[in-house]
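Protein chains in written order, with my numbering: chain A, 1 to 399; chain B, 1 to 399; chain C, 1 to 399; chain D, 1 to 399.
Just so you know, the hints here were simulated from the structure itself, not pulled from any lab data.
Any given hint could be a false lead.
As the list makes no split between identical chains, a pair holds if one copy fits it or if it spans any two.
[As the list claims (entries may be wrong)] Derived DSS-like pairs: lysine-lysine, alpha-carbon spacing no greater than 30 Å straight-line:
| id | residue 1 | residue 2 |
| --- | --- | --- |
| 1 | K281 | K373 |
| 2 | K95 | K383 |
| 3 | K196 | K95 |
| 4 | K373 | K95 |
| 5 | K373 | K383 |
| 6 | K383 | K281 |
| 7 | K95 | K281 |
| 8 | K383 | K196 |
Bear in mind that the values here come from a model prediction, so they are computed numbers and not experimental data.
Protein chains: 4
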Amino acid sequence: MRSMTTGHRVAMLGTGLIGDFYTMTLHSGRGRDRVAVVYSRTAERGAAFCRRWDVPHATTSIDDAVNHPDVDAVLIGVPNHLHEEAIATAVAAGKPVLCTKPLGRTGAEAQRMLDLVESSGVFAGYLEDLVYTPKTIKALAAVGGGAIGEVTWVRSRETHPGPHSAWFWDAGQAGGGAIVDLGCHCIEIIRSYLGKGNRPLEVMCWSDTLVHPIEAEDNAIALIRFESGAIGQFEVSWTFRGGMDLRDEVAGTEGTIWTNHFLRTGFEMYSSGDGGYVAEKAETASGWLFPVGDELAELGYVDMFADMLDALDEGRQPVETFYDGYVVNAVMDACYRSSASRQWEPVDVEWRGGTAPRIARQTRTEEGLTVIKEEHLPDGRRKLILKDPASGEFVDRVV
Amino acid sequence: MRSMTTGHRVAMLGTGLIGDFYTMTLHSGRGRDRVAVVYSRTAERGAAFCRRWDVPHATTSIDDAVNHPDVDAVLIGVPNHLHEEAIATAVAAGKPVLCTKPLGRTGAEAQRMLDLVESSGVFAGYLEDLVYTPKTIKALAAVGGGAIGEVTWVRSRETHPGPHSAWFWDAGQAGGGAIVDLGCHCIEIIRSYLGKGNRPLEVMCWSDTLVHPIEAEDNAIALIRFESGAIGQFEVSWTFRGGMDLRDEVAGTEGTIWTNHFLRTGFEMYSSGDGGYVAEKAETASGWLFPVGDELAELGYVDMFADMLDALDEGRQPVETFYDGYVVNAVMDACYRSSASRQWEPVDVEWRGGTAPRIARQTRTEEGLTVIKEEHLPDGRRKLILKDPASGEFVDRVV
Amino acid sequence: MRSMTTGHRVAMLGTGLIGDFYTMTLHSGRGRDRVAVVYSRTAERGAAFCRRWDVPHATTSIDDAVNHPDVDAVLIGVPNHLHEEAIATAVAAGKPVLCTKPLGRTGAEAQRMLDLVESSGVFAGYLEDLVYTPKTIKALAAVGGGAIGEVTWVRSRETHPGPHSAWFWDAGQAGGGAIVDLGCHCIEIIRSYLGKGNRPLEVMCWSDTLVHPIEAEDNAIALIRFESGAIGQFEVSWTFRGGMDLRDEVAGTEGTIWTNHFLRTGFEMYSSGDGGYVAEKAETASGWLFPVGDELAELGYVDMFADMLDALDEGRQPVETFYDGYVVNAVMDACYRSSASRQWEPVDVEWRGGTAPRIARQTRTEEGLTVIKEEHLPDGRRKLILKDPASGEFVDRVV
Amino acid sequence: MRSMTTGHRVAMLGTGLIGDFYTMTLHSGRGRDRVAVVYSRTAERGAAFCRRWDVPHATTSIDDAVNHPDVDAVLIGVPNHLHEEAIATAVAAGKPVLCTKPLGRTGAEAQRMLDLVESSGVFAGYLEDLVYTPKTIKALAAVGGGAIGEVTWVRSRETHPGPHSAWFWDAGQAGGGAIVDLGCHCIEIIRSYLGKGNRPLEVMCWSDTLVHPIEAEDNAIALIRFESGAIGQFEVSWTFRGGMDLRDEVAGTEGTIWTNHFLRTGFEMYSSGDGGYVAEKAETASGWLFPVGDELAELGYVDMFADMLDALDEGRQPVETFYDGYVVNAVMDACYRSSASRQWEPVDVEWRGGTAPRIARQTRTEEGLTVIKEEHLPDGRRKLILKDPASGEFVDRVV
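Extracted from the complex, chain A is given alone in its bound form (with noise of 0.2 Å):
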């Protein structure tokens, strides 16, 4: 038998809806760990968090709260911009630390924590919860599997209407806009899918405010160009309407990946009253609605944090760890230069990935003529279109 720890006791750093979801993650189910203190701002709020999911202390400092004596692991879920203090905090109380997306604000401050947490040797990994969906952990076992070849395109789009706490419009706190909640995610999915030692070499990236009266982006698009040739296409917008949009398409040579995380999954309801909670943004609570089954699994909560704990307790890195987290910021960080730029940029990144090879082009002949492709027909023939490679001429052949 495995054996199994008694599990981790935790301090929650953040009561907002990420503290919500990472709190009811580890409480679900049959699991071992618990949330043992909960930091909050304000003492009101600690206390509605220890009430609501049944936690034994709060307090108003993140110093108490990571060197409380329970406390063996810290979880970070407060605004961006407080992410390094809370990294430095846990560092130098010696304690494994678990922090939300995104990592930093930028490449250089994310680059800051990961020294910080290297240099000391405290177990470090990153929340990035997109890259661990059950169905987003099959398909990329499928792909790992040849399933769809040599990957060309992916695309990741992540959209919904806005985020519910004040911080995120705050570029200074945030960091950004859009692209800075949202994009990250969309990133390392894309990274996910293309291999993690493929590159992302260049970026072009268009943001605009076309809708709120805010200073940072609310819609934006990026292309980022690996170095096996592949291309990764994120979408990201805060003005969507109908709920929740995550879906990600994955293109192969042999094959296609389509996943949708949150609209359409296979759960459909109409209601011409009023039922209750759907999901989370969803606009409506009457129509035609789509549910979610079970939303901390389907958002990869579930096995992010059986991954992230696991590996703690088994002493290896996580999936993501918080160089992860620094190629997304770095990649970011390319985004928002090639908005202002209106150029491809370079990503300026520290890469510890290797190399990766072209995609490879096929380069049949029949007859010493280049098969371009090779049809069947319905009466069972096939259909070449060649070219000859002297001539550059094109034909097509029914064999």
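Starting from the known structure of chain A, fit chains B, C and D onto it as the hints suggest.
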């Protein structure tokens, strides 16, 4: 903090597909429960199971497995004709018992098992996983919250190309064919949507053996009439082509719900080659494929064991009890009687559920006329279809 | 070049929803047929219809409409209880007649209309539009081409919140409730998939009036057993919420087909406001909406009239004849008898379709054992489930 | 009654796949138009085409075809490099001309064709079928009716495994690769949703040749920035696996629209065997298949020819003119320039469309604070995210 037990040490009886699923579920994620002993008819299968799932002990004796000193709960996954013996052994040992579906091969057999656990006072749970899928749990909550009004109709469909083990095909060991194998799921899903206090009164069932060279039915359709007037409908088949089709549809006076548990869950893949395992009962590994993200969660195993073991820890009844298993068997008995008699057959059950009122019919009047239907026209006016209660005449009127 | 007629000049009898749909279809696209005269019970409705669809003449006399010198074909869209009179008028005028569904209110009434057109020799077509949807036409071709093997089961579902005109709700004028209104479509869809030479032998039907304050049934489910052993199943309802649910499912020994004609057709819209008309029987104009691209085409009207008028021009029978309408009525008669008797009731019909063989059952053996099922394992091996015909024992074997 | 012409007699230039589709459409249903003469480069193909579609005359001379006395309209389906010559021939004959997409290989070429038809006054239509699909027509009407507010983003995706004829693969004859072949559809779909008076200002495009051994691009992605601030995005590929993926997505300030024209249209089939033709560019005839009911209608051909020929009869312009074709070419020119320069490139076009206002941004205030976002909480209260215009601080407040 909610007190946590240190988890359970389970005797797993049976090493077939269901034993694998149960054990994978208990051992998944950050769970604190483990299989401590496995029983198999052959030493080879037991040893392979131990290696596969990291289980410390195997035995070819049900008695030894149940009475092993490490074991504090018994999990039954043996063929149907062995359930009664296995339960009797657990009861004799005074250990909690969880039994796979169907509880018995007949209502009489199920009633004996129910009597056994109730008279002895041991904890007993009925492992009806499909009532626990994340979609079903949320859908039941929506129905309970009034989102679709009063439920008038439930369709539950479970079809696939046929089971994987030989004993299922032997009506003697299994107790029947597709009805006993699959209908038991459908019946309990239907009861859950219609309310467990809503008595199943009578059944009309058609069954036939259309394709496979067996004695048992490979296709069946049944209608179940409930006290409220609502109708349950199930379709089961061992001859469906295309994978495992698990869909439920619920109609209510104010809305409708559709759930698709397996074949269309927002995860779609095209593969020209072969990427390995897709999902239980998938028929191919190329072309358009519909994998399932996390089968254990989507099929309800995760939430089922959480409820069962939490109930055991908390001294409460689980959602699915042996009484429920007994009711399901009683309905299936009526299905078989109806297939043979070609009549509506009463459900012969010791009913504990009280009474349910008839679905309410609207009786609104407008200027002395009965309102049959009201529509909103595109131009904002209302169209009424009215009946004169005196003359019996129907008119439509735009107001 | 195929010779083209100059098109037909049609008398449209009736100005309800179906009259609008029929006329829109005839006048759509580059068609060469036109409505020349419209009959309505009131002069106001007739005049409005002429303005709406650019029709030159209106009358309040069926006789005048049919005998108008411009008219060379008669199109019946009046309430059910007026079909017989309208057909008799057309037959007396010796003009081709196309009658909306259902043909009659009962089999006896339908048989009189059938006799009338057959004895007089006038061309007659039965306007069963849902057999002509583009999806159904292609699906029937696939079934005919062997794509899903032998058909074992067809489910046809047609449900919505109830009809728009008062006369539908009056069982006297309509001949019944949801069965007569909607079941007629389902029965003909089922027959088309199972083969028109496959005799419907008997029917088991449940019906009830669950929601609306009417005498006629607002919900019904029926099973129809055919000579081949295949089973047809229909579900009709006037109490469904969420729009108009038109779905067919077909299971065969080698495949399956699902068609969704209205609520999920690859066109999805979320609107926070009001963008006007969505689709027939849509219940709302905000929230998630599922419009239909071209309702006339998707509901089969375009292909139906093409077949009907081409058949008339070419001197052949259309796909749907009055005999088909009569068979549908005979099946519906059996539905009503079965609802009342709570028994399987024989379909009382003058059968012209010949006989159909029983669905073939496989009988392959392997080393003297009957092959029950064969599976391909992920590692490339085959797993066989075998039965010993001598002992009756079942075994599984990996080869 | 609307006066009807007796229909047109058309010269079909070209006998490739598009010639088949065009002719099938004209000859389908109850239409009154016919192909009278077909031109093909070889007599064999012309003769086969005549037999296939019941066409009376074939010729190997474009001049003879256009000037045939039966012919009153010219339909161009020859490879791209022959469009200009064919149009000149039609203009010289003074006969109306309908040209397939793309109009030219470059903006300059398109502009010459535009000048030719405009200076001569002959009727000219641009055959952009995908703007005419039934879904697109209804979606455009919904957008025009305000259902989704102001449009902020349109994604148009057209990908498949590559074209069927050799000349497409030859950049000289075709004018490019996937951009010229597929991007022309996407650009016009985007323009239709954003408004034809909304000027495309500049383009950023990535393209690459990832898989096929050709010079032209087999993958491209482009962003098109419009005067209103809205962004158009297209993805085209000749390396997609799984069939032909035609999807459009539209986001607006008040809603969203998704259309799927080909791969998921509510028609799903599983076949273990082979049932023949499925749909254009389908890759297999077994496994899960997604046939299209009526390809001619779903791809827009039916409504396109109805608009074109009605416009000709009514003396009005069709929805898609040569000017539209010229704008599309101008945008594609900018795509190619941008691919090469890796910069945003201006769209160089003689603009006739006037000006479009910037997408309106909301500016509501509440008690002197700017309202950033308003949410409705489950308990009925409103949550506001507010910004203090003086301090720049963001707060959330439940009211």
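Here's how the hints hold up against the structure:
no. : hint           : result
1   : K281 with K373 : between (45 Å within a copy, 13 Å between copies)
2   : K95 with K383  : neither (64 Å within a copy, 37 Å between copies)
3   : K196 with K95  : within (27 Å within a copy, 50 Å between copies)
4   : K373 with K95  : neither (58 Å within a copy, 38 Å between copies)
5   : K373 with K383 : within (8 Å within a copy, 37 Å between copies)
6   : K383 with K281 : between (50 Å within a copy, 13 Å between copies)
7   : K95 with K281  : neither (34 Å within a copy, 46 Å between copies)
8   : K383 with K196 : neither (38 Å within a copy, 39 Å between copies)
The earlier numbered hints that this structure contradicts are 2, 4, 7 and 8.
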